[in-house]
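Number of protein chains: 2
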Amino acid sequence: EVEECVKEWEDLVADYKRLEVVSKEYATKLEEVGELQAACLKEINHQKYRMSVIVSAMKRLEKKGVTKDDRIANLEKEIMKRKAILHEIKATLPKQNSLYLRIILGNVNVSILNKNDKFKYKDEYEKFKLILSAIAFVFAVANLYIDFRPLQLILLFLLVWYYCTLTIRESILKVNGSRIKGWWRLHHFISTVVAGVLLIWPQNEPWNIFRHTFMWFIAYISVVQYMQFRYQSGVLYRLKALGARHNMDITIEGFHSWMWRGLSYLLPFLFGGYIFQLYIAYTLYSLSYHPDATWQISYLAALFLTLHCFNMYTILQTLRKKLQG
Amino acid sequence: EVEECVKEWEDLVADYKRLEVVSKEYATKLEEVGELQAACLKEINHQKYRMSVIVSAMKRLEKKGVTKDDRIANLEKEIMKRKAILHEIKATLPKQNSLYLRIILGNVNVSILNKNDKFKYKDEYEKFKLILSAIAFVFAVANLYIDFRPLQLILLFLLVWYYCTLTIRESILKVNGSRIKGWWRLHHFISTVVAGVLLIWPQNEPWNIFRHTFMWFIAYISVVQYMQFRYQSGVLYRLKALGARHNMDITIEGFHSWMWRGLSYLLPFLFGGYIFQLYIAYTLYSLSYHPDATWQISYLAALFLTLHCFNMYTILQTLRKKLQG
Ligand SMILES: CC(C)(COP(=O)(O)OP(=O)(O)OC[C@H]1O[C@@H](n2cnc3c(N)ncnc32)[C@H](O)[C@@H]1OP(=O)(O)O)[C@@H](O)C(=O)NCCC(=O)NCCS
Ligand SMILES: CC(C)(COP(=O)(O)OP(=O)(O)OC[C@H]1O[C@@H](n2cnc3c(N)ncnc32)[C@H](O)[C@@H]1OP(=O)(O)O)[C@@H](O)C(=O)NCCC(=O)NCCS
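In the order they appear, the protein sequences are chains C and L. Take any residue in the first sequence, note its place counting from 1, add 78, and you have its number in the working numbering. Take any residue in the second sequence, note its place counting from 1, add 78, and you have its number in the working numbering.
Because the hints were derived from the structure by calculation, they are not lab data. Just so you know, even glycine gets a beta-carbon here, dropped at the ideal spot from N, CA and C. Accuracy of the hints is not assured; some may be wrong.
[Unchecked claim] What follows is a set of in silico ranges between Cβ atoms, one per label pair, in the way DEER data are often shown:
id	chain 1	residue 1	chain 2	residue 2	range
1	C	Glu98	L	Arg257	20 to 28 Å
2	C	Trp336	L	Lys120	42 to 50 Å
3	L	Tyr343	C	Ile258	42 to 50 Å
4	L	Ser176	C	Phe197	22 to 30 Å
5	L	Asp201	C	Gln174	50 to 58 Å
6	L	Glu156	C	His124	49 to 57 Å
7	L	Lys120	C	Ser130	54 to 62 Å
8	C	Gln174	L	Ser176	19 to 27 Å
9	L	Val80	C	Trp336	39 to 47 Å
Only chain C is shown next, with the shape it has when bound in the complex:
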């Protein structure tokens, strides 16, 4: 029977040759891929630089009053197209992490090189938000009915963790080419701070007055989050189906009208949320004159006011761009 073992092993040695070949080829190709990435990046930067020179030359011509002829118009169109293509190629190259990700994760590469995987990642992000909003909803409603400190603390800890996680995931999305606005990421960062400050608000009279309002707010934005989910995943799947490119989403007719329908359904609830934030800021401001008031109250009032203002500003900006677009 020892012979049999030896025989088996010898068979396996033959198979191992196969693995050796494959793994050697893999190592070589992996290195080549790295070199090609560097080469691509170099060529892209070259193209970008040369194009910027041409564009500024054209601007100078325009200033001098040279009339735009067909050649210029054509050139402008070509440059537009080329820029879109360069963008597409760049999306398949690994990118450096942002400072925030470098601090949290360190210098690990989180680039997603494949379009399909990018789509999946975004989809998963939306589902993550949905699930956690559902959990937050349940806790918020429970807190409306039950006055039990640990239950409040669980919700607040959950919110700290949730918003913090969102900022990480959104930074990863950003690295992978999402056009998510800086404010939404900052919004989630501020929300982490808000939840953290709520956590250390001592259980005094003002908290007992305020906490119902806050639980209502969490319940409300959880519902809004569900609507946002419907809208965002609608957008996502439609764009995927259309195979749409970055700069060209907006020109697709059917998509455009679908988007506006989705938005007109969503926007009233979003504005409702922002009014709610303003209301909370006002409530907290009033509470800050309460004899038992602690510093948390005025801080939170300021934070909620900030959220309200920037949310309003950003959403109006977004709408303006979409209307022009």
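Add chain L with the ligands to chain C, keeping to what the hints say.
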């Protein structure tokens, strides 16, 4: 001058051909790399499976009382070597994220395929810990001299964030093949909870009694962290210089003696830290009988006791293994 622009553009179009070629080659190679990864993994699993069959056959032979001859001894050695090689190859393949990382980051690939980059990542992780320990040290000492609530809160928030970040980074290390023990990762998770509970401990008499002890503890473990850093980065650089392989570190003579020298310097301080944890658990237990005591106190006592016990157990385990070598 319009001609010049057009001329420039045409030059650029020629350059663009180059980019087109490179990017096409890149896309193909990238896909091939993916296929080769799958092929490698399949072959590795095949090897592992067949080897396990041979190993169990050999065990059966041993049980039957067949005497170990040269062929068997040789086979065993070959299998050991093969396992080490398979491990090496596997380290160059991307790995699935752990559940924890999937929840925090989502399904983004954090594998580091290159040995040098792995080294750099670990090195950076150690430096990150060092820097944050230094910051924690400064705050802890400041809190010993100044009784200012915001300063305490800043330190506690910093600790929550720091330990939480550590668990993320350590999970990434784990995915990339580090043999870091589950307990150290869990330790940092529990530390996050400890810092979170400290955060919501109301500012009452027991806190005022306890906080000095806690600040001393943070200052102490920051110093220990500095020693750990010296030890760990010593290990890291030595192993890198030796080009040591996973399963063979321990057999390198010079390394072995260096490691023990480092450990004998570090261990007293580590044990000091664990005794400190026990002392804190005891202090908190006594405080839990204070008339103003809140639930946080007994919870924290239990957590510190847990930390003490498992730290002791794990470190003794580690030493035993190292002694057996
Ligand atoms: C107004 C709104 C519906 C517009 O969404 P949109 O049509 O996707 O807007 P844009 O075209 O500017 O989106 C650009 C990118 O940012 C993303 N994005 C936009 N708003 C986002 C948000 N609040 N969170 C995360 N991602 C967002 C989009 O998914 C898109 O990503 P992509 O580049 O990967 O495709 C959206 O910004 C939104 O829901 N905002 C409200 C958020 C909020 O206030 N929540 C709290 C309620 S009180
Ligand atoms: C005891 C100790 C020095 C042993 O370190 P070691 O010689 O590296 O131990 P091992 O050989 O078991 O290490 C295996 C791996 O885990 C890592 N590791 C071990 N302990 C670790 C820790 N506490 N944190 C992070 N990583 C650790 C090692 O770097 C090594 O990584 P690698 O596989 O990437 O090379 C180390 O575990 C330690 O410092 N523990 C104490 C931590 C502590 O209690 N801190 C709080 C003080 S109160």
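A quick look at each hint next to the structure:
1. C:Glu98 to L:Arg257: 20 to 28 Å: 26 Å, holds
2. C:Trp336 to L:Lys120: 42 to 50 Å: 43 Å, holds
3. L:Tyr343 to C:Ile258: 42 to 50 Å: 49 Å, holds
4. L:Ser176 to C:Phe197: 22 to 30 Å: 23 Å, holds
5. L:Asp201 to C:Gln174: 50 to 58 Å: Between aspartate 201 of chain L and glutamine 174 of chain C, where Cβ atoms are some 18 Å apart, the hint is violated.
6. L:Glu156 to C:His124: 49 to 57 Å: 52 Å, holds
7. L:Lys120 to C:Ser130: 54 to 62 Å: Violated: the Cβ-Cβ distance is about 48 Å, outside 54 to 62 Å.
8. C:Gln174 to L:Ser176: 19 to 27 Å: 25 Å, holds
9. L:Val80 to C:Trp336: 39 to 47 Å: Given a distance of about 42 Å, which is inside 39 to 47 Å, the answer is holds.
Hints 5, 7 from the list above are not met by this structure, while the remaining hints are.
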